Structure formats: structure tokens, C-alpha cells
Amino acid sequence: MISTLTGLHNRIFALVQKYLQDWFLGLAARFVFAGVLLVYLLNSAKTKVGEGVTGFFSIADNAYFQILPSVVESYDYDASQVPFFPYDIIVAAGTYSEFILPILITIGLFTRIAALGMIGFVAVQSAVDILFHGADEKTIGALFDRFSDSVITDQRSLWVFLLIYLVIRGAGAISLDHLLLRKSQR
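In this text, residue positions in the sequence shown follow the working numbering: the first is -16, and each later residue adds one.
It is worth saying that the hints were derived from the structure and are not from the lab.
It should be emphasised that the depicted structure is a prediction, and the values quoted were computed from it without experimental measurement.
Incorrect hints may appear among the rest.
As the list claims (entries may be wrong) - Straight line, CA to CA, 20 Å or less: simulated EDC-like cross-link-like pairs of lysine to aspartate or glutamate: (1) Lys166 / Asp5; (2) Lys29 / Asp112; (3) Lys29 / Asp44; (4) Lys121 / Asp137; (5) Lys121 / Asp132; (6) Lys29 / Asp71.
Let's have the full structure, built from the sequences with the hints guiding it.
Rendered as C-alpha cells:
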């Protein structure tokens, strides 16, 4: 009986894996990423640039307050006094990464590099929240505790796991990455 059930189990899930492994998981990971994080990240990024179409090309003071609060504080809260190197570069990279990387992941273009970049972004975001925005103990949370609702440790661990999957396995067969790969092999 056990042998029959084990054999049935193995056959069923071998078929599931055979038919889904090349396309489903990468597509599902990108869909979940888009559903959970795309709008959140784009809205956050919009607070860091100017208004309108041309505003996209100017970094707003708010970006400095969000990304480098202690640096802006050291310049008496005057973002225009913050030195170009390295701070303006850091703020611009953080701001435009928050626009570009989520879009690349969602459409499945340069997915592995974009997901790796997003892992770095989430790490920096978490560090800024803890070190500069005064995240409290509940917000920070801890792994292996009895609570699953902390914003930083719990939520962001799941985000990073999703991104690690995309770094290792890529976007899957239903992606622009796959189209480019097929085109380059011709």
C-alpha cells in the first residue's frame, strides 16, 4: 500500500514538475513581486523626484531625507548643501533603482541582475529604517519568534527569498530574457 501511494505521488509530481518547471515558477515569482511590491516601490520612488514628466529627471529634497537622513541633518536640513560625491550619487542611484529594477523584474528583462540589485536595495532600505528612521523592536522583528508580522525581518525576508529565486533560476520561459536568449541562439 505504501509503495503504491509513494509511486503515485512520485508520478504525479514528476508530471507537475515536467510541465511547469520551465515557465511557471519564474512567471509566478514575477507576478507575486509585481502584485506585492511593484506599486509600493513605484509610489515610493515617485516621492523622490519632481512633479510631471520632466520632474522625473530631478531628484527632490525628499529623496535625501528618505535615503540619507543623518547626512541631510548634518547640513542643517538643506539638501542643496549635500556634496555631490558621494551623496548625490547614492541618492540618485537609490531613487532610479527604485523605478528601474522593479519594472525590469516585472517584465522579465535582465531579471537576475535586477533581482540581485533589488536584494541590495532591500538591505539598504532595511538598514536605513533601523539606523536612521528609528524602527522599533516590533517593526524590526526577529526570525524564529512567534510573530510573523514584523515589517523588516518577516516581510523583507520573504521579499528577499522571492528575489533569490529569480537570481538563481531567472525569469522563466515567459519573459523578455527568454526571448532574448532564443534570439541570440539563432
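Do the hints match the structure? See the list:
no., hint, result
1, Lys166 / Asp5, "holds (17 Å)"
2, Lys29 / Asp112, "holds (18 Å)"
3, Lys29 / Asp44, "holds (12 Å)"
4, Lys121 / Asp137, "holds (11 Å)"
5, Lys121 / Asp132, "holds (8 Å)"
6, Lys29 / Asp71, "holds (17 Å)"
The structure is consistent with each of the numbered hints, conforming to all of them.
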